[in-house]
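J.: Dock chains D and E against the given chain A, drawing on the hints supplied.
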Amino acid sequence: MGYPHPSHARETPVISRYFGDPGARTLEGWKQRGGYEALEKALGMEPADIVTVIKDSGLRGRGGAGFPTGMKWSFMRPGDGKPHYLACNADESEPGTFKDREIMRWTPHGLVEGVALGAYAIGAETAYIYIRGEFTEPLYWMTRAVEEAYAAGILGANAMGSGKRIDVHIHRGAGAYICGEETALMNSLEGRRGNPRIKPPFPAVAGLFGQPTTINNVETLTAAPYILKNGAEWYKAFCLSSPKSTGTKLFSVCGNVRRPGNYEVVLGFPFKDFLYDVCGGPPEGRKFKAIIPGGSSVPFLTPEEADGAMMDYEGFVAAGSMLGSGGVICFDDTQNMVRQIARLTRFYAHESCAQCTQCREGTAWTTRTLERIAAGEGRAEDLDTLLSVAQNMTGTTICVLSDSCATPVVSGLKKFRSEFEALIPKTRSQVAVAV
Amino acid sequence: MSHGPQAGAGQVPAPSPHAYSAPYEPVFVGARRAELDTLLTRYPSKMAALLPALWMVQEDRGWVSAEGMAEVAELLELTPAYVKGVVTFYTMYHQHPVGRHFVQVCTTTPCGVCGAEDVMKALLHHTGCGELGLTSADGRFTVIEVECLGACGFATPVMINDTLVESVTPERVPEILAELD
Amino acid sequence: MADQKMISLTIEGRTVSVPEGTSILEASKVAGVLVPHYCYHPGLPVAAVCRMCLVEVEKMPKLAPSCATAVAEGQVVHVHSERAREARKGVLEFLLINHPLDCPICDQSGECELQDYTFAEGRKDSRFLEPKRFNPVEDFGGDVIYVPNRCILCTRCVRFMDTVAKDTVLNVSERGDRALIGKFEGKDLTHAWAGNVIDLCPVGALLSKDSLNKARAWELDRTASICTGCSQGCNMIIETRDNVVVRQRPRPNADVNEFFLCDYGRLNYRWLNRQDRAEFPMVRLQGNFAPADWEVALESAASLLNGRRAHVVASPGLSNEALFLLKQLVDRTGGTGVFRVRTGPEAPLPGVEDLALRADRAPNVTGAELLGFTRTERPFQGLGAGEVLVVADDDLDGLDVPALDGVAGVIVIGTTLPLALANGVSILLPIANVAEEEGTFTNLRGRVQRFLQAKAAPALARPSWFVLGDLVQLLGSPAAYYLASEVFAALAAAQPEFRGLSYERLGLRGLPVLDAAAEAAAGVPAEAAR
Chain A
1 MGYPHPSHAR ETPVISRYFG DPGARTLEGW KQRGGYEALE KALGMEPADI
51 VTVIKDSGLR GRGGAGFPTG MKWSFMRPGD GKPHYLACNA DESEPGTFKD
101 REIMRWTPHG LVEGVALGAY AIGAETAYIY IRGEFTEPLY WMTRAVEEAY
151 AAGILGANAM GSGKRIDVHI HRGAGAYICG EETALMNSLE GRRGNPRIKP
201 PFPAVAGLFG QPTTINNVET LTAAPYILKN GAEWYKAFCL SSPKSTGTKL
251 FSVCGNVRRP GNYEVVLGFP FKDFLYDVCG GPPEGRKFKA IIPGGSSVPF
301 LTPEEADGAM MDYEGFVAAG SMLGSGGVIC FDDTQNMVRQ IARLTRFYAH
351 ESCAQCTQCR EGTAWTTRTL ERIAAGEGRA EDLDTLLSVA QNMTGTTICV
401 LSDSCATPVV SGLKKFRSEF EALIPKTRSQ VAVAV
Chain D
1 MSHGPQAGAG QVPAPSPHAY SAPYEPVFVG ARRAELDTLL TRYPSKMAAL
51 LPALWMVQED RGWVSAEGMA EVAELLELTP AYVKGVVTFY TMYHQHPVGR
101 HFVQVCTTTP CGVCGAEDVM KALLHHTGCG ELGLTSADGR FTVIEVECLG
151 ACGFATPVMI NDTLVESVTP ERVPEILAEL D
Chain E
1 MADQKMISLT IEGRTVSVPE GTSILEASKV AGVLVPHYCY HPGLPVAAVC
51 RMCLVEVEKM PKLAPSCATA VAEGQVVHVH SERAREARKG VLEFLLINHP
101 LDCPICDQSG ECELQDYTFA EGRKDSRFLE PKRFNPVEDF GGDVIYVPNR
151 CILCTRCVRF MDTVAKDTVL NVSERGDRAL IGKFEGKDLT HAWAGNVIDL
201 CPVGALLSKD SLNKARAWEL DRTASICTGC SQGCNMIIET RDNVVVRQRP
251 RPNADVNEFF LCDYGRLNYR WLNRQDRAEF PMVRLQGNFA PADWEVALES
301 AASLLNGRRA HVVASPGLSN EALFLLKQLV DRTGGTGVFR VRTGPEAPLP
351 GVEDLALRAD RAPNVTGAEL LGFTRTERPF QGLGAGEVLV VADDDLDGLD
401 VPALDGVAGV IVIGTTLPLA LANGVSILLP IANVAEEEGT FTNLRGRVQR
451 FLQAKAAPAL ARPSWFVLGD LVQLLGSPAA YYLASEVFAA LAAAQPEFRG
501 LSYERLGLRG LPVLDAAAEA AAGVPAEAAR
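Residue numbers (our numbering), protein chains in the order written: chain A, 1 to 435; chain D, 1 to 181; chain E, 1 to 530.
Since the hints were derived computationally from the structure, they do not count as laboratory data. None of the values given here were measured: they were computed from a predicted structure. Each residue gets a CB set at the ideal place from its N, CA and C atoms; glycine is no exception. Hints are supplied without guarantee of correctness; some may be wrong.
[Claimed, not checked] Ranges of calculated distance between the beta carbons of each label pair, as one might list FRET restraints: (1) D:A137 <-> A:T136: 26 to 34 Å; (2) A:G395 <-> E:A72: 18 to 26 Å; (3) A:A237 <-> E:R83: 42 to 50 Å; (4) A:G156 <-> E:P131: 52 to 60 Å; (5) A:P78 <-> E:E12: 42 to 50 Å; (6) A:P78 <-> E:T343: 55 to 63 Å.
Bound-form chain A, shown alone:
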């Protein structure tokens, strides 16, 4: 539902149903709302059967990459004699995204249940929930929920009386966007700098502490118990456009929009209806100039492109962007896109882990050049240089932070080039050089 706004009639609240309902936060309240029934059911099943249900449901990763969850779980080979780990990625830091925050604030037990279920399905006895350091309130509720679950015997050596051990621990981050990248998260959890790792090896082979590991986003794991409870077919039926995108998805909406907040809609929902009907459109008297549909790392859409897009993995790609994390950032016609893009690249420059050359140097270079242009000191050749630098930053590094920084530059220059040109003085000013 559209927390902090009342639910919109066209929403389909599944995992957001209890947002804003303080009663859902406690173990007792959660149980009254049907909580932990799915986990109990799961613990009576074979792990492989759970994986099959998730596979059949079509659930895909909600953190950004959209990898099929069931398939990811099936990579964890049972009986390989190694400890398995589940890591829940609650490092939500993609600008424009704040859905996991609300899940953890309002339905912490929903996540605990999903994590425990996921851990059991992949043969892990230990799961860690890595929560970004800035999320103090989510951390509070999650810590409480885990304590309650231990006290009630839901977690621990004999989870829900099943004889199975499931430990869930909360691990707090300390301020680093990149720790939302799965291998950086593993490094951070191990007590290292949050540097992404080279792949292979992939986490399912050698992840956390060198052992087979699965990493799932908060929203993905929270959806799992609902799927298990209601069946794969029930979930699969949530589909409005591409058959490869099933289920409901939380979209965080922010920026210049009348009703910012979290909205849960069925994948394939028309983006135009979403923007203007569900979210109320641009602020009074203004128009949208640009929309980022999936968190700051995906390309801009013009309002026209946005109007024709379907809100799912395939639909946003067809429109020229990506679903990403579902963070919708709206820019209205009062915004100067050069300044906004400069601010975005500054974010990436600040967050670059410093490992790869292109990212470490390129993010900072791009930012300084954009800030210079925004300050009216640009040169005509700067725009070509920016594009060339962006090209050198794309597809050449360990992770995609570098690519993410290049994305708004490339798509911004493509779609809003005139705004850049307008800021560049026509004749180069004579700059006094101190000798």
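T.: Frame of chain A, contents of chains D and E only:
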């Protein structure tokens, strides 16, 4: 640091008169030590307890000093240089003392388009800090810009110590500050 | 290994076959193609962070970091394709945007991989118009200073200290473009092997205080040698400028020292440049110790030794060749040969098996023992009246030299005149030091390794094997030696442990002496055993 992407990050505030002179008392004694020992049972390596241990130091001391790093390093069988490398990676560990109220204002794009810069300026003005990263003369406040607090729909979010204040406007700043000691 | 699966692939049109698991970068070396790289080093864990070694692999959508990509059967790799070159050009530009471009005052200039690759594949200009990042130079302690503005964050130094020295005193501090190599205040690079970070640094960011401003790289002459600092026998390069040794650096040898050299060995070269050298043969005639020509001096020595027992105090810093001839001198006079070894604390490099600064601070202890000299702490013990004391390259420092009234005479064969003997020396035969002659040492594991001549000997000083060869000939030996290799050939023929070895076979990596007992037990002929 006139040209850095994050102009505030490298600035060192005026040290509080007591912070550097007092002899270092270990953090991990008594209950804190027991807490750390419990924590260690949750991970297959001692190193994994590094981030939580540093949080404990910061909770108790308000910042992570060199002595604090050295203490954690010894307990977790790491070197102080290793710990320092980790501390400097994560922006939330304070490497110097900060004001009683540590104020983080999000100015990343989604909040930026909603006027976060004005909120930041109002905070700098009304706290008396003047500049990002500096501590006010009365030691009450340190204000920094922070990259995305993950509350974009509640622009502009401001974190004051561990409390997140949603939807802050420049007009609300004086009343919010007035409630703090 | 025969049972290892081999993978065939094509690199720049050349087909090579390498063991499974080899990286494309290493396979390229086999193909004779150098893939430019910075962070990769064969002695360190792979980091894949500099992104310089990107190559194009057919059927892979993205360029691959060749250091971190394993070879696959049938792979077709393009190192110099347009795409790969453009990507590396981009990396070079990024690495240089904040670099001070201060090559004219940089010690690394001329041996800098940033210079080399920029020259080979970089842009001719920079498009960077912003102010450059600045960080001040920092003393890292030990022999190392850090110039952060030239640093490319390849992290070789951090990985070396972490995984090879296992003393994590370096870190990467901060992040983004503020990142730099850091350390903890008060914890310096004092590890015995820390100086290796200077060699590992591919650019001018980590420099040796000792060799700072001494020479430009192109002014140096480089000679393969063996470290004389201890019995490990690390392979090294002596670098001289105008006949003066100015720097010693490791020379890779997987069987001895991998890629490394300890600080003790590295900095142990000033004695090679000593000015107070014995430069002329000297003979004492009627109490007057005066220069003589070589013929006179050698004949005087021979006549002194004739019919008398020689008590030889040899140095374990002498070559196998010199010790072999010296032993003949002992045998021909029916005398005794002893040596003493200076010792110090052992300092291992934990990340490399069987590599340490050894307690025995001499390069040829094993050679001296194999060639029949007796190790002792009191080398003058047993020196009898009427005998001739021969001091061969031991400076006698730290020893209590007994009264030499009873001896028939004292012959010094050395690079200097031992202070303790000054007035008691009968004959001085000046010899070259290890940097000035050719020869071999036998390390503590019995590996025989060659060292070459790096500089000229002063004045009339001659190579030790040359002096001893002549002297032994005057004592009646039929052999005459004109080359060090001929002495070694004679040694190999005479000493069972050295059988089958020759300079040619030793090459620059050396070979182990035979375990004579094991060979006898197994009945393996010498040649087959190698």
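J.: Against each hint, give a clear statement of whether it holds in the structure.
T.: These are the hints, each one checked on the structure:
no. : hint                          : verdict
1   : D:A137 <-> A:T136: 26 to 34 Å : 28 Å, holds
2   : A:G395 <-> E:A72: 18 to 26 Å  : 20 Å, holds
3   : A:A237 <-> E:R83: 42 to 50 Å  : 46 Å, holds
4   : A:G156 <-> E:P131: 52 to 60 Å : 57 Å, holds
5   : A:P78 <-> E:E12: 42 to 50 Å   : 45 Å, holds
6   : A:P78 <-> E:T343: 55 to 63 Å  : 58 Å, holds
Violation of the numbered hints given earlier is absent; every hint is satisfied by the structure.
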